[in-house]
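Undergrad: Single-letter residue listing:
There are 2 protein chains.
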Amino acid sequence: MEQMDRFEQVEYGQAGARQALKIALAQIDTCVGDLSGNAAKVLDFAQRASREGAQLVAFPEMALTGYPIEDLALRGTFRRAAWDKANELAAQLLEQGLGELFVVVGTVGTDHSNDLPRNRMVVLHEGAVWGAYDKHFLPNYGVFDEFRIFSPGERSVVLNINGQRIGVAICEDIWQDGGPVQELAGRNIDLLLTINGSPYEEGKGHVRRDLAARRAREVGAPVVYVNQVGGQDDLIFDGGSFVMGQSGDLLEHSPQFVEDLSYWTLAAGQGDEAGPEQMGSQMAPDLDGDEEVYKACVLGLKDYMAKNHFTGVCLGLSGGIDSALVAAMAADACGGEHIWGISMPSMYSSDGSKDDAADLAQRLGAHYDVQAIEQLYKTFQSQLDLSGVAAENLQARIRGVIVMAYSNSKGLLALATGNKSELACGYSTIYGDAVGGYAPIKDLLKTRVWQLARWRNAEALAAGKSEPIPDASITKAPSAELREGQKDSDSLPDYELLDQVLAAYIEKAHGRADLLADGFDPETVDTVMRLVDRAEWKRRQYPLGPKVTALAFGRDRRLPITNAFAE
Amino acid sequence: MEQMDRFEQVEYGQAGARQALKIALAQIDTCVGDLSGNAAKVLDFAQRASREGAQLVAFPEMALTGYPIEDLALRGTFRRAAWDKANELAAQLLEQGLGELFVVVGTVGTDHSNDLPRNRMVVLHEGAVWGAYDKHFLPNYGVFDEFRIFSPGERSVVLNINGQRIGVAICEDIWQDGGPVQELAGRNIDLLLTINGSPYEEGKGHVRRDLAARRAREVGAPVVYVNQVGGQDDLIFDGGSFVMGQSGDLLEHSPQFVEDLSYWTLAAGQGDEAGPEQMGSQMAPDLDGDEEVYKACVLGLKDYMAKNHFTGVCLGLSGGIDSALVAAMAADACGGEHIWGISMPSMYSSDGSKDDAADLAQRLGAHYDVQAIEQLYKTFQSQLDLSGVAAENLQARIRGVIVMAYSNSKGLLALATGNKSELACGYSTIYGDAVGGYAPIKDLLKTRVWQLARWRNAEALAAGKSEPIPDASITKAPSAELREGQKDSDSLPDYELLDQVLAAYIEKAHGRADLLADGFDPETVDTVMRLVDRAEWKRRQYPLGPKVTALAFGRDRRLPITNAFAE
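Sequences listed follow chains A and B, in order. First residue of the first sequence? That's 1 in the UniProt record's numbering, and the numbers climb one at a time after it. First residue of the second sequence? That's 1 in the UniProt record's numbering, and the numbers climb one at a time after it.
Derived by calculation from the structure, the hints in this document are not laboratory data. A hint or two may mislead.
Since copy identity is lost for identical chains, a pair holds within one copy or between any two.
Below, simulated DMTMM-like cross-link-like pairs (lysine to aspartate or glutamate); rule was C-alpha separation at most 20 Å, straight line [claimed, not checked]: (1) Lys410 <-> Glu392; (2) Lys302 <-> Glu291; (3) Lys85 <-> Asp514.
Note that the coordinates shown come from a computational prediction; the quantities given were computed from them, not determined experimentally.
Based on the provided sequences and hints, a complete structural model is requested.
TA: Structural data, given as structure tokens:
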């Protein structure tokens with residue numbers, strides 16, 4: 001409670017007779033650093049919203065800069081360019097006859113007391129920056145590093161528009177108790193508007209909506225929740241924007257994984273006076289778990305390609321389930337004709353594997369090349385004479401060289417096909433099958449890989465199309481085929497069991513004693529812990545090196561990979 | 001000032017007549033997660049300190065757990081094991097007749113109000129944990145992520161020992177104004193004792209000592225500063241522990257880059273009463289810049305090998321300066337006989353390069369193998385028919401496969417030889433010359449590489465030994481030798497200029513306008529910015545992938561690579 005004293009209460013605009021306010025929820029996909037591209041998209045959506053009669057259009061958190069911008073926020077020239085772009089955008093809106101529209105958009109600001117960046121919402125109106133709010137709660141758990149980068153805001157802001165009092169918040173501000181939202185509860189607001197860059201996790205939509213329902217009750221007003229959509233590096237933003245009534249009814253729900261512009265009108269009357277809360281322009285159904293995760297993976301790949309200027313991909317096709325699912329996802333992301341599938345059989349590859357790889361490529365309409373590795377392997381072995389695991393790794397690394405040759409010579413994004421179970425256990429070859437710029441299924445446990453493959457085939461059948469993934473790839477026993485008769489089960493526990501242990505050890509951070517209490521047998525626990533603990537190095541793949549200057553690559557420099565800013 | 005109200009003032013022990021107190025500064029090298037090994041080292045140093053008459057021995061921040069422990073702190077079983085180990089250590093000290101000794105050591109604790117970890121100092125005495133203090137200021141800039149992981153302490157602690165009042169602090173607590181140290185200034189202390197895990201940066205020793213002098217004035221008492229030594233993953237801790245008198249005189253200075261046990265006695269009298277402040281047991285001289293950085297790199301490699309159980313290394317020897325300096329560092333870290341140097345000439349390799357590589361290996365006493373890549377290259381090309389950069393990369397990747405074959409078959413740590421200038425500009429081949437588990441010079445700009453090579457040779461001559469690095473490797477024009485007549489200067493600005501731009505762009509985060517104001521010409525600025533911005537992906541080398549579960553690898557899971565904990 002004592003924290004509340006610290007907030008400065010700010011109002012923009014004048015009180016007046018309450019009138020209905022048509023609000024557009026602009027769920028857009030931005031690119032970090034691409035100020036011009038992002039501003040052009042804001043302008044386009046603002047025009048569309050205005051044509052539909054919207055008086056206020058809200059864009060996601062940091063939509064102008066892209067999100068998350070990581071240490072790019074620390075670059076002064078970037079912050080100045082973002083400020084200039086916001087003003088230029090306001091002027092363009094006015095020029096194009098959209099001066100009366102209130103455009104709420106996230107960007108980066110500067111705390112001039114310490115020259116640190118701020119996570120800022122601005123309101124563009126009548127050719128100028130009319131209002132501003134800075135995010136107060138700066139998450140620094142999980143994928144977030146905001147407390148490291150930004151200075152927190154100290155104001156609680158109400159926008160007076162059409163006689164309606166609109167309290168504002170940015171993302172984490174509604175996830176934490178107290179702070180500006182608690183203060184807004186005492187300021188008689190008619191609406192809580194929150195703009196968000198809320199990264200996707202399976203099933204998170206329900207969590208967000210339950211939270212919004214709670215906040216709606218607390219502030220005594222509906223909540224408009226606008227979320228970013230799209231992939232940015234390894235994060236996916238799923239959209240799913242919505243309006244939550246103060247009685248806990250969902251009034252609008254935008255679809256996940258696509259850009260969207262939906263509408264909802266804040267009525268002239270308030271509370272009982274307003275009568276039943278009105279419905280918005282659409283109510284997208286919830287997706288089932290497998291569909292949601294599959295679409296997340298496809299969008300992540302599609303946006304990674306687009307934002308890094310790749311139009312095609314290449315990958316090794318082994319005939320196994322992992323490369324088959326990745327290829328199916330790639331076909332959904334960029335079309336089969338933009339896929340180069342490479343079969344790289346060795347003396348240990350079964351005919352079945354080769355047939356399944358060719359079958360897959362044909363189903364997807366992908367380019368398909370066979371690059372046998374036997375002669376290459378023999379040439380290496382005539383110099384190196386390797387045995388055991390070193391000889392197995394050699395096969396995988398020859399394949400890595402071939403995949404990268406396709407990538408370099410044709411300008412293709414190389415896809416790595418490793419799944420979370422094998423990466424966790426180090427059951428892959430560094431610089432071998434782990435080669436690639438993007439790994440579409442690296443966060444899927446092996447049992448989930450099978451499940452998604454089955455879901456994708458079933459979905460195709462249900463739509464009257466042919467199944468993209470050969471049934472044999474789904475049903476056969478997994479093998480790396482790096483020696484005669486090899487099976488994954490020679491080295492790893494059964495995947496059904498392994499995945500349960502991994503979920504507990506990695507995702508719940510259970511230690512050995514916890515895992516035994518979970519009911520897993522000691523031998524399995526010790527095997528999995530040993531494998532996982534040893535695999536950290538392999539998973540990173542890049543060489544560590546000593547830090548001897550003030551700013552080295554790696555630990556203390558965190559830049560987005562996809563970054564279109566060049567000033 | 002208002003923050004001070006929040007501190008609880010805690011005292012341990014009883015006031016009494018002031019007596020002299022002999023303090024040991026135990027500057028030790030620990031391993032993250034290795035509770036048993038670290039505890040054994042604490043016991044050993046405590047025994048040695050006691051034999052020399054010390055009544056208090058101070059170890060670095062988190063010495064019992066190793067530092068930095070990153071997300072390992074979040075594992076409950078680890079925190080319980082650390083608590084058990086501290087109590088076991090206290091009991092062992094008592095058993096071995098060291099019960100009267102006060103042993104100050106850092107470890108991890110738990111904030112039971114929220115089950116979050118704390119960065120804790122404990123005092124072991126008479127078989128028990130006698131006192132405890134929790135770090136208040138949790139850095140989360142640069143290499144630090146402590147605010148993410150730990151809950152901050154709320155106490156200001158004074159230890160009463162021998163009638164002396166000892167205020168305590170952990171590392172960042174003395175770097176920030178206010179907080180517990182400011183509070184200690186009003187508590188009439190005789191000594192400020194701080195335990196630290198302060199990562200090395202070139203020239204940081206002076207900064208630490210200037211800061212300590214300021215704090216000594218503020219609290220009106222000398223400062224004992226004990227720092228960790230050793231490499232942990234990509235961080236290096238340089239030791240250089242010291243005692244700073246309240247008049248700003250350095251009273252003791254431990255050497256950098258080695259474990260050390262030094263002594264200093266806090267006199268019975270205080271201030272004027274004490275007379276001139278007494279000197280400690282040693283006063284290590286400051287190292288010059290090149291020697292300091294060279295030793296830092298050697299220690300980083302040596303500890304990375306030891307803590308990851310490698311006894312030897314392998315690397316490609318091109319005859320160029322980068323691989324020559326790395327090999328010289330490796331010889332200093334593990335001895336030439338544990339180095340496998342591999343010359344991998346192609347049709348583009350000059351005779352000079354081959355001779356220089358052989359010369360280097362001979363000077364260092366390293367194993368030396370020649371693995372020509374021409375036949376391998378032809379075999380690949382008969383299948384792939386690559387040209388341009390793809391053909392150049394193929395050569396580098398064949399070499400990468402060979403280096404990894406040595407690593408796998410002989411159990412050697414593969415060293416990558418890239419320097420900071422070429423890594424920054426992406427002037428290297430992913431999965432090619434960038435292959436390796438450790439990159440000893442990845443934080444050295446190219447001009448610094450030449451400088452350190454000259455320093456190392458001069459140092460050898462001064463010691464009456466032969467120069468480890470062939471002069472030709474230092475003086476010739478740098479070339480990747482991936483096509484006929486290729487020179488680095490074909491693709492990159494002159495290194496003298498390039499390194500200045502890189503220092504401004506990377507280390508000072510200067511943007512384009514800033515760089516022009518720095519006086520660099522627009523063409524160079526644009527070239528360097530384009531190269532650096534495009535190289536982020538290449539530098540990381542591992543495939544990104546979408547995050548779809550609550551806890552994926554990468555962004556939201558930060559574990560140390562070297563980690564000996566398995567419970």
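Undergrad: Up to 20 Å between alpha-carbons, please classify Lys85 paired with Asp514: within, between, both or neither.
TA: Cα proximity of Lys85 and Asp514: across copies only (19 Å, versus 53 Å in one copy).
Undergrad: Between copies, within a copy, both or neither: which fits Lys410 and Glu392 at Cα up to 20 Å?
TA: between (28 Å within a copy, 15 Å between copies)
Undergrad: Could you place Lys302 and Glu291 in one of the four classes (within, between, both, neither) given a Cα distance threshold of 20 Å?
TA: within (16 Å within a copy, 49 Å between copies)
Every hint from the earlier list agrees with this structure, and none is contradicted.
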